[in-house]
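Chemist: Residue numbers (the numbering used here), protein chains in the order written: chain Y, 1 to 254; chain X, 1 to 428.
None of these hints come from the bench; they were simulated from the model.
Warning: the hint list may mix true and false statements.
[What the hints assert, rightly or not] From the structure, some residues in chain X lie toward chain Y, with a derived Cβ separation under 8 Å:
hint, residue
1, K306
2, L308
3, L316
All C-beta atoms, glycine included, are put in the ideal place defined by N, C-alpha and C.
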Amino acid sequence: MGYARERMSLLMFIAAALLLVGGCSSLSKNGQDFVPPLRSYETVVKDEKPSMLEVSDSLEGFNRGVYRFNYYFDEYLMLPVVRSYEFILPDYVEDRVSNAIDNINEFGNLTNNLLQLKFAAVGITLGRLIINSTVGVAGLWDPAGSWGLVRQTEDFGQTLAHYGVGNGSYVVLPILGPSNVRDTVGFAADTAAFSLAGPAAWVDDTGITLAFTGTSVVDKRHRIPFRYRQTGSPFEYELLRMLYTMKRDYDVNN
Amino acid sequence: MPRLFTLVFLVGCLCWPRNATAAPQAYFYPFVNPYEATVMELPQFFEVKLPEAVPSRRFTLPALPSREIPGVFWYEDGLVCTLTYQDHQAPLVFLIAGTGSSHNSPRMVKLQKVLYQGGFHVISITSPSHMDFVVNASAGLPGDSYDDARDLYRVMELAYEKVRGTIDVSDFLLSGYSLGAFNAAFVAKLDEQQKRFNFRRVLLLNPPVSLYDSVSTLDLLLVENIPGGMEKFDQWFRDALVKLASVTEEMGHTELSGDFLYKAYKRLSPSEENLAALIGLSFRMSSANMIFSADVMNGGGYIVPKNLRLTASSPLTRYAVVSYRTRFEDYFNEYLFPYCQKREPHLTRQDLLDRLDLHAIESYLSNSGKIGLIHNEDDIILLPGQIDYLQGLFGDRARIFPTGGHMGNMLHPEVVSFMIGFLTGKEN
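Just chain X, same shape as in the assembly (with noise of 0.2 Å):
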């Protein structure tokens, strides 16, 4: 399968002279197109060589003190994290999951693997945007960088007690990646005050510069790319599938492998407009996750009505389709805004959005000579000039790759090891 796998992969190069002339000597990526970067996984053949299984195993962390986890998250008992362990003493990494995606994501069991072959231990946790995450473990309305950390801080604090009796650690880094390492940025400022960890290196894989431009640049990416506009998102779905199902019969089988998504990719070869729309779409139902299980937490009167008991049979469509028409956007104008204002009545929007910044901690990322920073000049997340921030912020601990989308690079084999070299003190 891997050789049958190599041998279409390298068909494909040579009818794609093109790519193979433009690519920078140094780092050579496969899909200059930053869509294709950003939903592609990097095919087999240009990534790290990874082991099959590392040692790991999950454990899971009670919910919040005095919280009632409602029927209708019957699935729901604590929080599970990862952790990935070596057999002898070795530096502990926490590591944050990017938006809606949980511990043990494909992306995170990757990061696990390549982590674990540097040399470290690894706690995997799941992404404060991820429900799972809100049920379990917001203290509030997710989505406030400082009360993320907080949370996110609760988290690493009782998941190192859990596991501290089995592993034998040295000391402590962090990483994450898209917002997990914006998080990981606010939580490391914590740290400073907390000092719980002292952390020696903080590692930041593709970061949002703000948050609230990216969402929106996301979101926009859903709207502006289906053929006639939101009204005709259900026939373009329905579309989408139909090629799907029909290049999944041709192939004759499905598996969720990197592999037979590059083969049925390379089958349905969707235009631009269609990845971009992906990618949107994958953001709003990750957010519109997050802000209906953070409204049924937090009481309702969003998306649910108040004090309305959902119930494990209760009926949830209609709050669905609200959901996935709610956009990031709606919910901090909305809900976020408001909830934070009433803690805090001075505040303005414009306060909160400067607080969803990095930004707001920018001298501490300037100054703070243990973290580093790893993104793509064609990250899709990102506006124009926010990579030359970025840059000028982090200077020589920054390494700036010139393709590889939002995270599609992530298993390059210069990637990891810039990251390895990174977390271990011995760049250069």
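Only chain Y is shown next, with the shape it has when bound in the complex (with noise of 0.2 Å):
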């Protein structure tokens, strides 16, 4: 069970990130002794919901933390490579490797729509894996597409919400970015079942599932057009917690 021990290792480095980052997140005071500003919020804000930047976000302090330590992988050692990725690849091979590992993440998509009964979206799936498996060469391809299968895209946090769980505080994973505590459960499911139960515990080869881990967070990023401060914002993680709630909101209703 390599796969296993080296799923232990990522956990055992992404909590070491958050004991890191953790310890330099310090909570400011709350201006209790300060005089209020002019246009203070209780000034300003006279409505009875809350405006749509105000997630519920209790680790607030550590999420920005977190945030701070993933501007800087970013910065320096993601977008880095990212960037060497496109520099050798051509587009065309780039988006061939972006359709195959899709692909096999159909695994997700699959197990997700059954358990959300969505019986339609499983047999879409299930013809999106073999059409694109085969006539699609191993899923380089994506014909199912172009005949009209479009991609039924759902994860175990999707599947909770369905089933009625709440979104839970938000939360900033290391390296990973904006999450909430449903999706980091959903996330940490679905890992669990594509390395137990999915396609790396088909192959059952550490060298494999290394490379593919790692092809996908490449190639994650490399899909992912946001770069940080390019809002000029000194609010930038206010919006992107909106954004980030906003699209999940839309992915669990449709």
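From the two separate chains plus the hints, produce the assembled complex.
Modeler: Shown next as structure tokens:
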């Protein structure tokens, strides 16, 4: 069970990273002894409902620490790797890699559509898997998509939401970025299923699993256009938190 | 990909004969609606051809001396600028970004290419309204034309000192777009006294006449175009996002390229109200970023409590909510004006308004043969009559296009050709 050990070491790394940033972050005093500013929240905001920027974030101090860690990680490690990847491979090959990874990850879509009893989506996902793995040459191409079988993306976070589990607090995960308690549990479950009962278990080869995980991470970053500080806003953390939450609401409802 | 895009666009043009016939013969511009022109970049098909990449590098200027950057801006460490360089002697253009834009915003990168292709070195400078500038380089509150010009001038001097050993400069030029053009006019005036650069030519691209008027106009675009008013803003935003999400899902991928946005736009076909609201929103957000940063850097009291030390982990949500609900007019009336008045006790509100206006330096602008202007008749930041005022002020140094919105036509071959012609001194 080599992959189990490799997962463990990833977990250890994440835990170490958490401790590292956790140690740096400290909560600022709440400003009780300060004179309120001219435009204080209380004088300006009179709505009954909280603004969409106000997402539940009980770990905020900690999350901001991780956010900061992720910024440096992205800047000094992730993006240089992604840039080399993009420099070496032609766009066409990058797209094939993305397709192949998506094809392997249909496993997660299949299980989660099943768990949500969305049988039409299960059928489509099965069809896609079969067509793309054969006609699409191990998923390098997506002929099923061009025949109208659209990818039915579902993850365990969405499955939990389907059965009424709320978001929980916002969480920023090391390296992986924005999430919430529900989606973190979902991610852990999807990862466990993939490793213990899914493609990683079928292959049962640490080297291959490791290569797949590495490529997935690089491919994922390659496909996300977000760059830290591009908003030019001191509220980038808040904006990202809001957009993540809204996007997940959309995913759950569609 | 570009070929497919061209095809899509040609099909679009065929379905749209009204535009084709209405356009003037000499200058064809695809968007006749100024909001559409402003939001949408010129489709590649109509754009001037630009090199894929040009020789350039970033460099960082240290923050103002004795300035301690608060922990909340943990990512700020000096003002980053871009140098675009020729390998031979050439004139150097200082290029100032527009409202809330940085030295490397997409529009700035395109202008760098245009100017490089025209044979210039370029130093690109982040707008004094951008957080990065406010934190590292603004001596006081941003917004006062003369103060901003002084801050910019100091940055330009430092920037030139930093790169002068690596490039061969024949003489200096100055340009900027939107608020950056407005800034450039005041910097040019300052240079007449300081004489550090003796700019040979200064080109203003789509400047506002009165900063306050333009800013109020832009803010109204947001306030007046959200169905049901600003109380319904969250709902409007959520709906817009859902539409965008479903379109990107259909299109299968997300990338922030002009082509992608153009296609997404075609599918969404937003109403004029939505376009206007989008422009207003983008402005409101830039302005909020500036106001919050300026408040923190000047000791607080406006949005954040006075002397509160915000750190890297301080929650900012409530300040964000308040900032996004603060109009530039509020900032002007409640913060900037009292701040300036403290310095100059006899200053009236009208005095300050007059200072945030090209009228303040109109005799200089009309008499100085080296200052040129590019503008559009349908620019949404101008009030009725202001385009005629500018035309009168600059006379034959102005080139005013009938359409293009607010800088939508910046990369139109004719606009570029006037730009380069004027800067090289070979217009006519």
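Chemist: Compare the structure with each hint and give your call.
Modeler: Hint-by-hint comparison with the structure:
1. K306: holds, 6 Å
2. L308: holds, 5 Å
3. L316: holds, 6 Å
The structure is consistent with each of the numbered hints, conforming to all of them.
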